[in-house]
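Peer 1: Position chain R against the provided structure of chain P, taking the given hints into account.
As you go down the protein sequences, you meet chains P and R in turn.
For the first sequence, our numbering assigns the number 2 to the initial residue and increments by one for each residue that follows.
For the second sequence, our numbering assigns the number 2 to the initial residue and increments by one for each residue that follows.
Honestly, I wouldn't trust all of these hints.
Covered, in the sense of this in silico footprint (three residues per stretch, anywhere, with C-beta under 8 Å from a C-beta of chain R), are these stretches of chain P [claimed, not checked]:
(1) 30-41
(2) 228-237
(3) 265-271
(4) 359-365
(5) 371-379
Computed beta-carbon distance windows for the label pairs [said to hold, decoys possible]:
(6) P:ILE335 - R:ASP51: 54 to 62 Å
(7) P:ARG448 - R:ALA27: 33 to 41 Å
(8) R:ASN48 - P:ASP184: 41 to 49 Å
(9) P:ARG229 - R:GLN28: 23 to 31 Å
(10) R:VAL47 - P:ILE335: 25 to 33 Å
(11) R:VAL47 - P:SER293: 36 to 44 Å
(12) P:GLN50 - R:VAL47: 17 to 25 Å
Covered stretches of chain P (chain R as the covering partner; in silico rule of three or more C-beta atoms under 8 Å from a C-beta of chain R) [unchecked claim]:
(13) 413-424
(14) 437-446
Honestly, the hints are just simulated from the structure, not real lab data.
Here the structure is a predicted model, which is why all the values come from computation and not from measurement.
C-beta atoms are modelled at their ideal positions from N, C-alpha and C, and glycine is treated no differently.
This is what each chain is made of:
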Amino acid sequence: MQFTPQRLGPGAIYLRALDGFFRSNGDLIRVAEIEPQILWTKGTGKGSQPGGSPAERRSLATLPQRVLTHGVGYPVGGTICDQTEHVAEFRRWNAELGVAWTSEHLSIMHVPRENGAARQSCGFLMPPIQTEAAVRLAARNIAERRAALGLPFAFETGVNYFALRDGEMQDGEFFAAVAEEADCGILLDLTNLWINEKNGRATIREILTRLPLERVWEVHLAGAELERGYWVDAHSREIDAELIALTAEIIPSFPNLGAIIFELAPDRVASFGECAYLKEMETLNRLWGRVSTASAETQTGQRPSRRVGADAGPALTPERWERAIAERMLPRPIRFASDALAVALTLLDEERFLLYGHLAGSFRSGALAELLGNTIRLLLLALGKQGLEELIGRYTAATPPAAFPTDEAIEFRRYMDAHPLAVDGLDDVLRFEAALIEAAANNAVVRVELSRGIDELLTNLAEGRLPGKGTRRATVLEIGVDPAPWIRVA
Amino acid sequence: MHDKKKSVMVKAPANMTLEQAQRALAQVLGKVGHPACYSGFNISFVNAVDPAPMVLNVEHGGSVVEE
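Next up, chain R with everything else stripped away, as it sits in the complex:
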């Protein structure tokens, strides 16, 4: 059976424009609330300093089927 998927490693967006900064602002808007009610370890800082590379599974022809 022919495997149609292959893995592509993506480290970071190749470019950050003002348009993308606007998306960053939208993300800030979504994160200005009180932290949720849990008493564990928040991993946001760990993710920022040790980002795990994302793996995209891509079909032949380039369309992303799983992210």
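For reference, chain P alone in the conformation it holds in the complex:
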């Protein structure tokens, strides 16, 4: 391994809502880790590819921080691993932002479908099976991604809510094997590993005894929370004091550490607050003060080469594991006709798949709440909370998840068109919000015809009133986003 990362320092995941905060705190936040895909837009047309805005890239290039990129949506742990569609745009972002290295998740997002039909997002980052075959698969994916991006590459150690199965490699052994086989860096997400430990998997200390520590280029830290009796990686709050203490103890053992990054989820920013955020950055700066300045070369080469283990056998292959994921995470209409070729699941697996389904469902309903806020409000007023949740449940049981929220919202509109409800104003509100999404996602001017005035409709909803029959007055609106969002009555 030739690459030795520069010591960039403490930083955080960049969010649009925090742009001003990043610009005014360049002393505390020294690295802006950008997840390009969360800033990209995917058009609503069939086959459209997601991409970002050149103006936003130019703006990001003026941040006072050094920039790293972290991929989301195209993980490197599965048999379906995109090396073409998103790569040109990702390369463009890396080049314009002067990125020194990049990273992605050692996870699975897309699963196969019957008869080789188009790949399908399973709606959540799922862990790979930990076998020698999965090591070879991930190493091949990483080598291809690194070549495609032309940058040093690190994989992120993921969260795994399942229990270790018979025939699987231990967590540390698996991460070490992938890193060495791919000859790449490790983005050590200590929160993920801490959560795994709290949920009964290997301890962080056990994992570290097996890892090639000189390959740890970057550390992620975030807040966790309990959900349905499990610790989950919610990026929701401050870093736990126990994890900070453990990090302070182990961080000097990473001789090539280049950055330590705090993560906060976009849906938690408003409730977290600026003071709490600054406090976390102060913590990261203190932790960074403990990073060893010893030369990496004094510690590399001390570990023996890894011994390749026996394959786990035909019952536990990556392909069979992905069929099991498809079987449990996709709606029944698009599952495989038979699960005979999937990994056999235990009762514990089934229980954990229910957790994964619950978490994945929260992202789907969250996307609808964020992009179709007035529609959801109207349905809540008309159906009540239970009725609305049942409707969302019927929708998610009938349609597969989409990687981008715009696709989820447009799919929900199609579902509602096919399953109409007798709710006054619903058709107009849904048509209006779908037009907003179309204009935003396609950067286009969209005309939409409504059967009543939008002011009255939205005012009723904002005041918590059902619109009622109201006065019918055909209204045509034009909606656009260039150079700034605008709506006018045509």
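Peer 2: Then chain R, alone, in the frame of chain P:
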């Protein structure tokens, strides 16, 4: 010591005009990207169906000092 702050409960904006709809469009623009990389529970839907009332701390004279 005289406490200058009092709490005001705000449930929802009193009116939603086309101008506010434009702000809603701006918000949509900010949320059309891929979800960020975390494996927890997304609370956006919960917030939509069970909105916690916001508390504004207001000084005498009406200027908002904390939101």
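Peer 1: Compare the structure with each hint and give your call.
Peer 2: For each hint, the structure was consulted:
Under a criterion of three residues with beta carbons nearer than 8 Å to beta carbons of chain R, the stated coverage of the segment 30-41 of chain P is upheld, 5 such residues being counted. Figure legend: the segment 228-237 of chain P, annotated as covered by chain R; annotation consistent (6 residues with Cβ-Cβ distances under 8 Å, at least 3 required). Restraint check on the segment 265-271 of chain P versus chain R: 4 residues with Cβ-Cβ distances below 8 Å, three needed, restraint holds. For the segment 359-365 of chain P, the assignment as covered by chain R holds, since 4 residues bring a beta-carbon within under 8 Å of that chain's beta-carbons and 3 suffice.
Check result for the segment 371-379 of chain P against chain R: holds, 6 residues qualifying (beta carbon to beta carbon below 8 Å, three or more required). At about 31 Å, the beta-carbon gap between P:ILE335 and R:ASP51 misses the expected band of 54 to 62 Å. At roughly 20 Å, the beta-carbon separation of P:ARG448 and R:ALA27 lies outside the given 33 to 41 Å, and the hint is violated. R:ASN48 and P:ASP184 have their C-beta atoms about 44 Å apart, which keeps the hinted 41 to 49 Å range intact.
In this structure, P:ARG229 and R:GLN28 meet the distance hint of 23 to 31 Å, their C-beta atoms being roughly 30 Å apart. Look at R:VAL47 against P:ILE335: about 27 Å separates their beta carbons, and that is inside 25 to 33 Å. Between R:VAL47 and P:SER293 the Cβ separation comes to about 43 Å, which falls inside the hinted range of 36 to 44 Å. For P:GLN50 and R:VAL47, the Cβ-Cβ distance of about 32 Å falls outside the hinted range of 17 to 25 Å, so the restraint is violated.
For a cut-off of 8 Å, the count of residues in the segment 413-424 of chain P with a CB near a CB of chain R stands at 0, and the three-residue condition is violated. Coverage of the segment 437-446 of chain P by chain R holds [criterion: at least 3 residues with CB-CB distance below 8 Å; count 5].
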